[in-house]
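Enquirer: Listed below are the residues making up each chain.
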Amino acid sequence: AQSVTQPDIHITVSEGASLELRCNYSYGATPYLFWYVQSPGQGLQLLLKYFSGDTLVQGIKGFEAEFKRSQSSFNLRKPSVHWSDAAEYFCAVYNFNKFYFGSGTKLNVKP
Amino acid sequence: DGGITQSPKYLFRKEGQNVTLSCEQNLNHDAMYWYRQDPGQGLRLIYYSQIVNDFQKGDIAEGYSVSREKKESFPLTVTSAQKNPTAFYLCASSMGTSVSWEQYFGPGTRLTVT
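In the order they appear, the protein sequences are chains G and D. Residues in the first sequence are numbered consecutively from 1, following the numbering used here. Residues in the second sequence are numbered consecutively from 1, following the numbering used here.
Since the hints were made in silico from the structure, they are not lab data. Possibly wrong hints are sitting among the right ones.
[What the hints assert, rightly or not] Below 30 Å or equal to it, Euclidean Cα-Cα: the simulated DSSO-like pairs (lysine-lysine) are: (1) D/Lys-9 x D/Lys-70; (2) G/Lys-61 x D/Lys-70; (3) G/Lys-98 x G/Lys-68; (4) D/Lys-70 x G/Lys-98; (5) D/Lys-57 x G/Lys-98.
For reference, chain D alone in the conformation it holds in the complex:
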């Protein structure tokens, strides 16, 4: 079955540590996205990538980094510079970034930093 995989589902880290969240898709989609979800705030875009080896900052990119070395993979690193990293992180993909392409979402990773 085609889809988006995010692992792990729950992640715990100590403050000051970098942590990498995995996102893999087998939908052959060119575009991939990372969103952060906090209670009562909806989804906010962290980074997106339209093609391999290229990515753009979203609205809240500070304290995060990404890479896109393969079409199917778009890992997100939450660095120690991110002030409030505890959140639910969602990865999505689409055929392209045009509005006509539907975004498909993964099941998410809940990150807790203490």
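Excised from the complex, chain G in its bound form:
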């Protein structure tokens, strides 16, 4: 069965510092992978997605993610975090009409 693991429940970074959020997936075939962001009390917004091809994908708000098949990972990165990036981030995998979400990582940004 497919599953998504986000090992970090909370992460705190200083404004201007770099960020990496981890995501590992369990899936037999080539995965379709996504990162979403959720502001408090709001719905989710798509940051980026990976279907195939170039393993480094660019998204909105300056985020990027790298697909590494050998490590079953799809980590999200940002070179310089802004205070407005404080939110919860979800990794997801798609399989047959359904999305399977990780448990999320809450990002706090220190001034």
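With the hints as your guide, set chain D onto chain G.
Expert: Below, chain D alone, put in the same frame as chain G:
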């Protein structure tokens, strides 16, 4: 502006009562979804609908029911059979259920049952 509306934002009910959560979209999307979100558990799919008058169970459909009589509306009823109904409920829609179609999410309804 096109988007997804969920109402109300907060909902309180007594245990044993059925409650219906509203989801409306004006994006002309064929597919609609209901997710449940609990702290530390991410989103779990309750039901989804690919077309009017058709819907399928997701991973946690027990204690819930849906209808899809109109393209723009996909209400979710939380029945008294749902053991732990208190949660944040998110509705989403997309052009179709293919992976190439992005899901757009509503702002959610927080349901508290006491």
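Enquirer: Now tell me if each hint is right for this structure.
Expert: Here is how each hint holds up against the structure:
Under the criterion of a C-alpha separation no larger than 30 Å, the hint pairing D/Lys-9 with D/Lys-70 is consistent with the structure, at around 22 Å. For the hint pairing G/Lys-61 with D/Lys-70, the CA-to-CA distance comes to about 35 Å; that exceeds 30 Å, so the pair is violated. A distance of roughly 22 Å separates the Cα atoms of G/Lys-98 and G/Lys-68; the hinted pair therefore holds under the 30 Å criterion. Pair hint D/Lys-70 plus G/Lys-98 holds up; C-alpha atoms about 22 Å apart against a cutoff of 30 Å.
For a cut-off of 30 Å, the pair hint linking D/Lys-57 to G/Lys-98 stands: about 11 Å separates their Cα positions.
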